[in-house]
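Protein chains in written order, with the working numbering: chain L, 1 to 113; chain X, 1001 to 1115.
The set of hints was computed from the structure by calculation and includes no laboratory data.
Hints may be right or wrong, so weigh each one.
[Claimed, not checked] Which residues of chain X face chain L? A partial, calculated answer using Cβ under 7 Å:
(1) S1043
(2) A1104
(3) G1107
(4) Q1108
All residues carry an ideal CB built from backbone N, CA and C; glycine is no exception.
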Amino acid sequence: TQLLEQSPQFLSIQEGENLTVYCNSSSVFSSLQWYRQEPGEGPVLLVTVVTGGEVKKLKRLTFQFGDARKDSSLHITAAQPGDTGLYLCAGEAWVDSSYKLIFGSGTRLLVRP
Amino acid sequence: GAVVSQHPSRVICKSGTSVKIECRSLDFQATTMFWYRQFPKQSLMLMATSNEGSKATYEQGVEKDKFLINHASLTLSTLTVTSAHPEDSSFYICSARRTVNTEAFFGQGTRLTVV
Chain L
1 TQLLEQSPQF
11 LSIQEGENLT
21 VYCNSSSVFS
31 SLQWYRQEPG
41 EGPVLLVTVV
51 TGGEVKKLKR
61 LTFQFGDARK
71 DSSLHITAAQ
81 PGDTGLYLCA
91 GEAWVDSSYK
101 LIFGSGTRLL
111 VRP
Chain X
1001 GAVVSQHPSR
1011 VICKSGTSVK
1021 IECRSLDFQA
1031 TTMFWYRQFP
1041 KQSLMLMATS
1051 NEGSKATYEQ
1061 GVEKDKFLIN
1071 HASLTLSTLT
1081 VTSAHPEDSS
1091 FYICSARRTV
1101 NTEAFFGQGT
1111 RLTVV
C-alpha cells in the first residue's frame, strides 16, 4: 500500500506569514502532484514535479520534490486569505499492473485576515 | 485544461434504491478514469480504476457488487451505487486522463445523501 502522509493536518496562520506543508512516503513515485480543493468542488492541479530535487515556483508558492522522489514540500510566502483551502499531494505509482494517483492525507489551511 | 463533467452534482435518494453518477470527458478521450470517495474533512480515497472496454480494478475493501463501474466509451464512465444505505452518503469524485502518466483532470464531484 502506497501511503502519503501530510503534515501538518491543519494550519491556522495570520495573513502575511509563511508556511510549509510536507508530504512524505516510504515509497518512490514517478511523479508527485499538488492540488488545492475548495469545499464542494473537485481538486484543482497546482503543479506536477517529476525529477528528484526539482523545484517549481508558482507566484508565492514553491514546490520541491525530494532527491529520492519519496517526499515533497509546498512553501507559501506571505499567505493571503485567498490561500485558504485543502491542500493535497498525490503520488503517481505503478501498483497492481496499473498507474494510480494516490492522495495524501491533506492539509487544511486557514489564513486569517 | 481539459474538462471533466460529473452529473448530478447533488443527489438525495432513499435507502435501498440505486443511484447512477456519470463522469464525462468533454473535450478529450480518456483511456483511464478513476473514482474517488471523500468523507467530510478528509482526503480522497481511491475506489477503483476504470479502463475503457475492460473491467474496473477495485481497491481493497471496496465492494465491486455495490459500486458498479462501467467505462463503455472513451468519454463516459458511470458509477452506480446499488442498494444505497446512509453510510454510503459521501462526496464522490471522478478523474480522467488521456493515457497513462498524463495529467488527470477532475470532475466537480457529486454529493450523495442517502436518507
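Comparing the hints with the structure gives:
Interface restraint check for S1043 of chain X: the shortest CB-CB distance to chain L comes to about 4 Å, inside 7 Å, so the restraint holds. Residue-level restraint check for A1104 of chain X holds (minimum Cβ-Cβ distance to chain L is 6 Å; threshold 7 Å). Taking 7 Å as the C-beta contact cut-off toward chain L, the hint placing G1107 of chain X at the interface holds, the least distance being around 5 Å. At its closest, the beta carbon of Q1108 of chain X sits 5 Å from a beta carbon of chain L; the interface hint therefore holds under the 7 Å criterion.
Hint compliance for this structure: no hint is broken.
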